[in-house]
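Chains R and P are the protein sequences, given in the same order.
Quick note, the first sequence lines up with residues 1 to 133 if you use the UniProt record's numbering.
Quick note, the second sequence lines up with residues 1 to 133 if you use the UniProt record's numbering.
By construction, these hints were calculated from the structure, which means they are not laboratory data.
Any given hint could turn out to be false.
Note that the list lumps identical chains together, so a pair holds whenever it fits in one copy or between two copies.
[Said to hold, decoys possible] Keeping only pairs whose Cα atoms sit at most 25 Å apart, straight-line, the calculated DMTMM-like set for lysine to aspartate or glutamate is:
#1 28 - 49
#2 77 - 12
#3 128 - 10
#4 70 - 49
#5 128 - 101
#6 127 - 49
#7 127 - 54
#8 127 - 46
#9 70 - 54
Everything numeric in this text was worked out from a predicted model, so none of it was measured.
There are 2 protein chains.
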Amino acid sequence: MQFALDERLERDSELVTVLGLCQLRLMKDSRWPWLMLVPQRAGVSEIFELTPLDQTLLTFETNAVAAALKTATGARKINVGALGNIVPQLHVHIVARMEADPNWPGPIWGHGSAEPYRDGAEQDFLKKLIEAL
Amino acid sequence: MQFALDERLERDSELVTVLGLCQLRLMKDSRWPWLMLVPQRAGVSEIFELTPLDQTLLTFETNAVAAALKTATGARKINVGALGNIVPQLHVHIVARMEADPNWPGPIWGHGSAEPYRDGAEQDFLKKLIEAL
């Protein structure tokens, strides 16, 4: 079985780059600097279903992206989560949180509706992120 | 600086066992089978602040506990999250989710109030978990 990105993940995010294991994607929601890693492996919905090597790669990529996101945003806290209650294809959320952001200190998931990026804000953010990576 | 468990984490959970890196703790909330791993390292609030070896250990322990939790509960999905917006000491939540549980398919964090375990339900759950581990 070949990897194919879930339709909902594809609709809600856009590709930033491809790392060793994962697609790094930006969520189409400007309320938080919100990235997603999707391991390019078919039929996997839990991290423990990956091979040990892939688990280690995912850890490495998650932490590299999380550290870069902290540098790029000056966030107070990085939130990392693998939920998958709605979309079972394994995906890891990496989100920069600030004290003044929507729903702080609660979680971002299930809160309100996405707000698209405007006026080049997305390019500005991605430029900083790529530099930090 | 020596590791000391955060007071709030201590109050809201109880020790199940100590693994190579982490304390494995059970949250005092029977609404979901909800475990927590706390790396016994001082002054760390983000996973990427751990050494590479500790990051790998945390991945190994997280996935071993997540797989055991799935076996013990028959959960539809395991949710794994490191948020830390309220308690900065690094801790990883590992939660078994079912379609009929409170706030499905939304997140567990910030939802309602804890409900204590009663009538030996905690011992029954921990027995199954330890067998699966």
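Going through the hints against the structure:
Taking identical chains as interchangeable, the C-alpha atoms of residue 28 and residue 49 are never at most 25 Å apart, the minima being 28 Å within one chain and 28 Å between chains. Both within a single protomer and between protomers do residue 77 and residue 12 lie at most 25 Å apart by alpha-carbon distance, with minima of 23 Å and 21 Å respectively. Within a single copy, residue 128 and residue 10 get their C-alpha atoms as close as 23 Å, which meets the 25 Å cut-off; across copies the closest is 38 Å, which misses it. Only between protomers do residue 70 and residue 49 lie at most 25 Å apart by alpha-carbon distance; the minimum there is 12 Å, versus 28 Å within a single protomer.
For a Cα distance limit of 25 Å, the shortest separation of residue 128 from residue 101 inside one copy, 19 Å, qualifies, whereas the shortest one across copies, 40 Å, does not. Proximity of residue 127 to residue 49 under the C-alpha cut-off of 25 Å is restricted to the inter-copy arrangement: shortest distance 24 Å between copies versus 34 Å within a copy. In this assembly of identical chains, residue 127 and residue 54 lie within 25 Å of each other by CA distance neither inside one copy nor across copies; the values are 28 Å within and 30 Å between. In this assembly of identical chains, the alpha carbons of residue 127 and residue 46 lie at most 25 Å apart only when taken from different copies (23 Å versus 31 Å within one copy).
Proximity of residue 70 and residue 54 under a CA criterion of 25 Å is satisfied in both settings, with 24 Å inside one chain copy and 20 Å between copies.
The structure shown violates the earlier hints numbered 1, 7.
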